[in-house]
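K.L.:
Chains as they are written, first to last, in our numbering: chain A, 1 to 834; chain B, 1 to 160.
Heads up, some of the hints might be wrong.
What the hints assert, rightly or not - Capping the alpha-carbon separation at 35 Å, the derived lysine-lysine pairs in DSBU-like fashion look like this: (1) A:K509 <-> B:K77; (2) A:K665 <-> A:K418; (3) A:K261 <-> A:K292; (4) B:K99 <-> A:K760; (5) A:K418 <-> A:K335.
Treat the hints as calculated values from the structure; they're not laboratory data.
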Amino acid sequence: MSPTPSNSLLQGASSSTVVETVEPVVLEKGYIGRSVPRKEDRRLVQGLGTFFDDVRRHGMGYVHFVRSPYAHARILSIDVSKALELEGVYGTITGDEVAIHTDPFFEMSVEPGGNIKDYALAVGRVRHMGEPVAAVCASTRELARDAADLIEVEYDALPVLVDAEESLKDEVVLHDDAGSNVVWSGVFDWGDVDQALAEADHVVKIDRLHFHRFSSTPLECAGALVEYDKGTGEWTLTCNHQMPGVGAIWMAPALRTGIDKLRFVTHDIGGGFGNKICLHPQYVVLCLMARKLGRPVQWTEWRTDQHTANAHGNERTFLDVEVAVKADGTMTGFKVKALDDCGAFPRYEPLGCIIWAQVTPGLYSWRNIRVDFTQVCTNKSPVSPNRGYSRMQHLWLTERIVDIVATELGLDPVEVRKRNYVKAEQMPYETPNGCVYDSGDYAAALDIALDLIDYGSIEERRVEAASRGRLLGFGIGSTLDSGTNNFGQSTLLNPDLQFSGNNEAASVKLDIFGEVVVTIGTVPQGQGHETTAAQVVADILGCSPEQVNVRRGHDTWFNSHAGFSGTYASQFAFTGLGAVKGAAELVREDMVQLAAAVLQAPVDAIELADGFARIKDGPEEAALPFMALGAIVNANNAFLPPDFNPTLNHRFVCRPYFGMVDTEKKTGQLTLTYATQIHAAVVEIDPETGEVEIVDYAAVDDCGVRINPQIVEGQVHGATAHAIGAALSEEFVYDEDGTLLTANFYDYHVPHAMDMPPLKTGAMESPSPVAPLGAKGMGEGGGGGIHCIGAAIQDALRAAGGAIVYTSCNPAHRVWSMLQDPEATRANVKVVSR
Amino acid sequence: MEAPARSRAISLEVNGEQIEMEVPARRLLVHFIRDDLGLTGTHVGCDTGNCGACTIDLDGQPVKSCMALAVQADGAKIRTVEGLAAESELTALQQAFNKHHALQCGYCTPGMLMSATALLERNPHPTEDEVRYALQGNICRCTGYVNIVEAVVAVGEEHA
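Could you build all of it, start to finish, from the sequences and the hints given here?
P.N.:
Structural data, given as structure tokens:
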């Protein structure tokens, strides 16, 4: 079967341009494509940003949560009386009150997961360590903590599940309402994998691979200041939720109110990475507390609480992998059982059971793929989308497959990739499940990465390292950062769900004194939206980015948001800037018509440039400054004829076209843009200790048109740092009792300045033929680092017993074990050849 | 035995201003700075002293203000991130952070600036390794440190 594009918009994709340097590209005209310094920085470098915890209200109380020390237990009793006796304590809320005043959160799964009852506080039972069982509000942070210590909770411990495969047995069931630990299961079967395996020259079998639990742990913890207006029944949440549109969909029905009663306000946010999407349980408690006490209440999560009970990334075990390989190294398909562990409650899940399918074949052209996917609950922290959400786990699988196949069959990891990558001339490429890879040249990006790390000298360096008693290895990580997702993919999990498509809103206006003001529904957490939006508007209106005031953050009351508003899933470059562009173009049209009317010139004679609307090549005085235009329409408009109504104030909703998904075949356009990342690492291992040192590293990113290359490169750096942390140290480790052993930055080691190797970066630009500005969403592609470091470790270990890397996290002790007993991991892999 | 004091009057200088205030004996210095003085540029990113977002200059030394009590700062001279730019004129380091894109979310930035300022004051021309060593007590989750290190080194080179 030959891949054909399903979307006529994709015909005639633009060719790739190699940009060898990351130096700012200075264009003769225009701000798009320039590394304009960020507008956000001036306040932030002076400590003058406003984060939610900086906001104060008169008489506000501080909330502290009482949390379960048990991973699984029945709650026998909760006694708040001693806490309430303490002077300065305003009040408490327990699970019993939550059960009376709210409904369980909406669940997205079909049965059995769909029957789970998830309340804002534990009701009758706790299911993970750190689960909130009660909340107390007091006049100071310290007092709230004291009061929490006085709340007496009696528990009756229950058996604990910390292993997904144990959960599957249903010997202990976490949620009685569901009757099973399975949240969701289903088989995805595209092409004919049985035939591919039957016709293969080699079948490579891998018993088990494990993608570990970690999270990007933003430096600012979660929280909110919540005010309740008794007169209107409205709550205002000054907060750091990164997906308020969907947060409100969870919260409003639980609070038995309308979405119009919830006002989300964000200012500066100290990082998100997906970890601030599932804050609705805590926020609902705050809403109840503010209403009950009739005062503003504030909650700032503690670091240890964030690690213990907020948002981990999805943990996934891959079982019984079989890969079909031809004699020449062409891979034609694979099958796998994927077992995903979502922790105690599904929250955003089971969306992770389908999001991976945006990148079903990874970067490769195999057409026969079967994934038997099951998600279960365990007595661990709930998960939440985490940078690279669900695609990273699946891409790690495809990259592990490629490197294990290469190792077992003696193939070159570069050659096997180039042979199997989707080719540039196949773009746009339709995957076996109907997604369309919009543009890219994976082999060319790989070549740039290889050049950056001087691939030609690897064998020489290997010998040199060996002379120092060290094991040197080289590895590649290829990933796709799929952006602008189609919420219709949720119907592949549950056909009754009424979600599809995507949207984002923005408004642009020209104010009285000529100020250009932009509001966006997005909720940036460091991505520089104020700057890139200003660049786009400046180019459309003919002014400089300094003249464009992009309002900070999100405010539901601005009407600048849409149903899916937020900052997630690599989509700002498409939907966010698409909305900004649309609104700016409408304002531009008004400005041109107004100038034409005032200057008595034809519309096509008017140009907007240098902050003026003027007659092209006209006399100097035939020019109106923005201030004149703004003043006429906003404050001096009596002379405008009734049939001429320029408003200079427009809202635009960017709604990408996806078409419908096919719930029978499980196919469809699940997302729109695919940025490419090729990472390459060279590592050295100390065989005495298993310590891994990254000695050379390159990251190549192709996200189409780069609106601001410096910001793009910053995202590449940050995503790579997350990957390096995940690959070598960051892991949420539980003991058999379900106690988290890495509950804060003492035990959960994130990279520090000394841990980061020098990073070399490269860029390509393969413009997206479908995105409004040719720019693809990016920033989540750091998974390449996890893949290439694992591959490099496996390569280095070839000279010391040939262990197979089977997990995504390889700190020194694990590498040491692989050095001691390579056969234990080799037993995981078999090759059956004809 | 006399009951222990639950609060104490302290006197200190913060960003050039003399402060006299009664504080609870157990109040952390960082919460005193943020909640009592309203200087919210100093941030809290952890509860174990690892992240450095709360770094301030206390009597000429970079100090993590979550690791000290407010009463311990009695008589001290403190400078916070708000005290770096005189009359809104950004320091060379603050300008370099902007130019080199050394910040994304900006949450770690005040602590980074305080640690790096302390470094540049005792070693005006640090090498990359010296910068990394000086900043190892400050966690950044956005930048991978690449541009932060570049910005600090650049300031040293520009003023060589």
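K.L.:
Confirm or reject each hint.
P.N.:
Going down the list of hints, with the structure as the test:
1. A:K509 <-> B:K77: Violated - the C-alpha atoms of B:K77 and A:K509 are around 47 Å apart, more than 35 Å.
2. A:K665 <-> A:K418: Measuring from Cα to Cα gives roughly 30 Å; hence the hint holds.
3. A:K261 <-> A:K292: holds (16 Å)
4. B:K99 <-> A:K760: holds (19 Å)
5. A:K418 <-> A:K335: This hinted pair holds, its Cα atoms lying about 22 Å apart.
Violated hints amount to a single one, hint 1; each of the other numbered hints is respected by the structure.
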